[in-house]
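S.K.: One-letter residues, chain by chain:
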Amino acid sequence: MTIQRDVMQYDVVVVGAGPAGLAFAIRLKQLAPAKTVCVLEKGAQVGAHILSGCVMEPAALDELLPDWRKTPPTICVPAAKDEFALLTKTSRYKLPTPPQMENQGNFIISLGQLCAWLGTQAEALGIDVFPGFTAAAPLIEDGKVTGVRCGDMGVQKDGTPGPNFAAGVDIHAGITVLAEGCRGSVSKKLITEFRLDADRSPQTYGLGFKELWHVPGGRVQPGLIQHTVGWPLDSGTYGGSFLYHLDQDRVYVGFVVGLDYADPGFQPFEAFQQFKNHPSVKPLLDGGEILSSGARTIIEGGIQSLPRLEMPGALLIGDAAGTINVAKIKGVHMALRSGMLAAAHVAEHGASTGFDTRWRNSPSAKELRTVRNIRPGFRWGLWAGLVNAALETVTFGLLPWTLKNHADWSSLQKRSAAAQSADDYVTRTLPPRDRLASVYFATTTHDEHQPAHLKVSDTDICATRCAEEFGNPCTRFCPAQVYEMVEDGGKKRLQINAANCVHCKACDIKDPYEIITWTTPEGGSGPNYQNL
Amino acid sequence: MKILVGIKRVVDYSVRIQVKKDGSGVETGGVKLSINPFDEIALEEALRIREKGVQAEVVAVSIGPADVQQQLRTALAMGADRATLVETTDAVQPLMAARVFLELVKRENADLVILGKQAIDDDCNQTGQMLAALWDRPQATFASAVELKGKTLRVTREVDAGLEVMDVDLPAVITTDLRLNTPRFVKMPDIMKAKSKPLATLKLAELGVAPAPALEYVSYAAPTPRSGGRKLESVQALVKELRDRGVLS
Amino acid sequence: MNKILVIAEHDGAKLNNSTARAVSCALAVGGDIDIAVFAADGKAVCAAAGKLKGVKRVLRIARPENQAPLAAVLAPQIAKLAAEYSHVLAPSTTFGKDVLPRAAALAGAAQVSDVMKVVDPYTFERPIYAGNAIATVKAPAKPCVFATVRTASWSACGEGGSASVVDQTVDLVLPLHSRYVELKKDESGRPDLQSAGRVVSGGRGVGSKENFAVIYKLADKLGAAVGASRAAVDAGFVPNDLQVGQTGKIIAPDLYIAVGISGAIQHITGIKDARTIVAINRDGDAPIFQVADLGLVGDLFQLLPELEKELDKV
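Protein chains in written order, with this note's numbering: chain A, 1 to 532; chain B, 533 to 781; chain C, 782 to 1095.
Next comes chain A alone, as it looks inside the complex (with noise of 0.2 Å):
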């Protein structure tokens, strides 16, 4: 059937209203206000799919906007100490704070209200954002992007278009610029389409969950920033926890899993759950109550995995590529960054050619350099871990080698040669009850009436397959219990519980078939972070 579709044309359209893209709309507008630009944003507003711990270094957004200061966002705490422990599971000891970790000068945000705020900053100068409008798929003619196609809304169930259809427009641009964060469907298939990956190593993710609370009074000390390793994750296990504190009685509470876990069993959302139960943790949550929630990955593969950043006709700038400092755990600087320096390229040479080697050139890529073994060698395990980080924390990166990662959908090991999971876990008491319950705070929605967007294309081998070898992980995770395996008819099958989804893309990442695919459901659907 074909599908009439309007045409729309401009200089640049940029997919996702995240800082990197919201960064480089700015600055191309900055250094050339002629040139015509549209901004994607699938979120129902700007801001309202995107959340970090979030500590920011300034500067970027200092050379970008540096009035930023007089009207910050209502959550900016500045940074005032700085702890990092190892836990176990009934004890806390303090550690010597990595350098890498130590912030000085930096600010607790919420990244969401930063991006809303630089959305208004781009409208302002005269940047078309559309937010409820999804790129579902790059347009490519003769091996050239040439645009995306928006979604299709008002597309049944049954995939047939709705009595309020209204077919997605094909947004023509001589520049694409993909800035969908970290594992963005239509970067994904343009990194497979343009080999952008190739001699790369591996990419790897973390997945990482958030929770803003707001906590009885005397307890919160603003400023405050904690980071712990350890319990409750074993020393195979990547990870850890945040604790920021922020004024009025609220803190971000959070925890990281990296996706290269091995044990099939293992629940993410339950570690984090666990360790805010802790006996260090608990008493500053007792009694408080949870404002927000949400879940999203994160990209860890660091400068060995990063892909080529241009292709004709488009390029990758932020966590779309992968710039995120994991070792700091800071990736709103380098967004920023990435998207002012392709700004620039774009000003200067109104074409894509040449900005992977420009950005290898940056102060950015500098930075990368020097820490990129550091994530690696965890995969010795926490201890071994610790101490190639300090290692190559003290020679600056300079060591003459670079650790590879692997694959994340390819390190589950079968459950029977899975060490038996001995959890070490608490009885928790702690709100959320569950995932379901976690998901509430996520406020996500979708219409109903849509196809599901979560793609799997072979859902036989769930059931037999897949329970078989490693017990069905999806179900598992994921944080918002999208995937269910549930009886009907004597015979167990996968259930899509899609209306639930918090766009995280663990699944696209970890499923160890590789048969899972997200997609992007109608322009507006998914969560709506509030102050996250």
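No wet-lab data here; the hints were simulated from the structure.
Watch out, some of these pointers could steer you wrong.
Pairwise CB distance ranges (calculated) [what the hints assert, rightly or not]:
#, chain 1, residue 1, chain 2, residue 2, range
1, C, ASN1021, A, ARG433, 20 to 28 Å
2, A, GLN248, B, GLU748, 24 to 32 Å
3, C, ASN798, A, THR2, 51 to 59 Å
4, B, GLU748, C, VAL962, 50 to 58 Å
5, A, ASP434, B, PRO755, 18 to 26 Å
6, A, GLY489, B, ALA677, 36 to 44 Å
7, A, ARG433, B, PRO755, 47 to 55 Å
8, B, ASP776, A, ASP247, 48 to 56 Å
9, B, PRO745, A, THR74, 33 to 41 Å
10, B, GLY694, A, PRO163, 22 to 30 Å
11, C, GLY1079, A, PRO163, 44 to 52 Å
12, C, ASN798, B, PRO755, 22 to 30 Å
13, C, MET782, B, ALA753, 28 to 36 Å
Backbone N, C-alpha and C fix where the C-beta goes; we use that ideal spot for every residue, glycine too.
Got chain A; can you put chains B and C on it based on the hints?
M.R.: Just chains B and C now, with coordinates in the frame of chain A:
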């Protein structure tokens, strides 16, 4: 035919409401604001009347601070021909809103006014009825179907007992219920076109509308959470308990 | 001394139960209570209204134009009568919600919608944001306090009164621009889920589309509407217009029976304003028991037939 559609900007239906700790209001800082869903349905109905072939001009009107223009631009993108914002930073209650709309109705010489049955923030469900009263014209509330027959509207209304059908002579006020229609999606090219459609702003003080008696909102609280009751030992105990509570009579 | 006028809701023959709930609210305000019955004849309705506890007088405003409950016809009459009263109340049913604001505007008064609680004769609690916040509001005494009464928050006032019925004329020319055509009653037999006083809902625990028959059966026994949790809808047991919850219908019945429903917070959001919640589930730790007033732990396929038998006993 001139159709006025009332648009109210409210906290988006998907936002989880937090009452401020001091009870002075509801947290609205940084939350998503949208067109009241019932008002989208009202606008959709006006557009459908126009698309059925009636020569009609659809005017979206709203009362609120200057940045409500954003919601009116969305209304224009949906298909409204013109928009008018009555600018004020005051909180406007239904009787005042009705008086303001009456003034606009008179200035526009409206034939039909379509409003949402209630706003999802204050849930008053009064403005349409009050406007009709002040205008001395018919009201057809909770409409689930509207049929224009010359100068009369046959409206089907959702009432507790079922569906009530009534006829009203134009000019009239309709308020929309949920099942009247499903509003169309806003299309990107229309968002661009809407930027150049006429959007007029009038200051509330300029309208010459007398201030209306208003309720004083003294304080706000979160609803008392339910607590679990008793687990009973038997069906017999359950039925007895229900009978005693008068639930089964 | 407050003088309260309660607008009766009726179908021409029978007084609607919502009127007695509005009278309960009037009793909470305190003062002399009159009930106004607008009808073509209305004698039987007036007789029933006179029996309600605490009512002083029943005003019978009978004229042919009052045959149908048209707001354009009734509101001017109410506004004229309101001059003699400090308060005018109506139940917050589609009838009351349609008529009362029109009367308030004609009288030049603000209206309080959905009164849940009376704090004092001029101060009320009402739900906003779909009941996610409760506002305390003060209404100005002049010209009159108009308020609709949230029926889910008040029980019927009961009988025991012996009010006098007074024929009342309201001298007004009434408009002709609005005409009642007909009422299409819900013929399915089963009440509408959104407004039903009783609802029986099934969840994933019911197990299958075929098994849902037990839910329908219990609902029919109770004259209740049928609902379902999202899990049951997603599993294909019932169509999605039965879904109760955050993304389905938010309801406030007098009685809600949750069968085989675990009680995820999304479902609780849809039923938190129900008067009485009963939970039947074989898992005693299911979160539904934390919000249910009454619970039964056990196998629903055994308990439901037992429940029906028990309900049959007079």
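S.K.: It remains to establish, for every hint, whether it holds in the given structure.
M.R.: Comparing the hints with the structure gives:
1. ASN1021(C) / ARG433(A): 20 to 28 Å: holds (25 Å)
2. GLN248(A) / GLU748(B): 24 to 32 Å: holds (27 Å)
3. ASN798(C) / THR2(A): 51 to 59 Å: holds (58 Å)
4. GLU748(B) / VAL962(C): 50 to 58 Å: Hint violated: Cβ distance 41 Å, outside 50 to 58 Å.
5. ASP434(A) / PRO755(B): 18 to 26 Å: Once the Cβ atoms are compared, 23 Å apart, the range 18 to 26 Å for PRO755(B) and ASP434(A) holds.
6. GLY489(A) / ALA677(B): 36 to 44 Å: About 41 Å separates the Cβ atoms of GLY489(A) and ALA677(B), which means 36 to 44 Å holds.
7. ARG433(A) / PRO755(B): 47 to 55 Å: For ARG433(A) and PRO755(B) the Cβ distance comes to about 20 Å; the hint is violated.
8. ASP776(B) / ASP247(A): 48 to 56 Å: Since the Cβ atoms of ASP776(B) and ASP247(A) sit about 51 Å apart, the hinted range of 48 to 56 Å holds.
9. PRO745(B) / THR74(A): 33 to 41 Å: The hint (33 to 41 Å, Cβ to Cβ) holds, given that PRO745(B) and THR74(A) are roughly 36 Å apart.
10. GLY694(B) / PRO163(A): 22 to 30 Å: About 25 Å separates the Cβ atoms of GLY694(B) and PRO163(A), which means 22 to 30 Å holds.
11. GLY1079(C) / PRO163(A): 44 to 52 Å: With a Cβ separation near 45 Å, GLY1079(C) and PRO163(A) satisfy 44 to 52 Å, so the hint holds.
12. ASN798(C) / PRO755(B): 22 to 30 Å: holds (25 Å)
13. MET782(C) / ALA753(B): 28 to 36 Å: holds (31 Å)
The structure fails hints 4, 7 (numbered hints given earlier, in ascending order).
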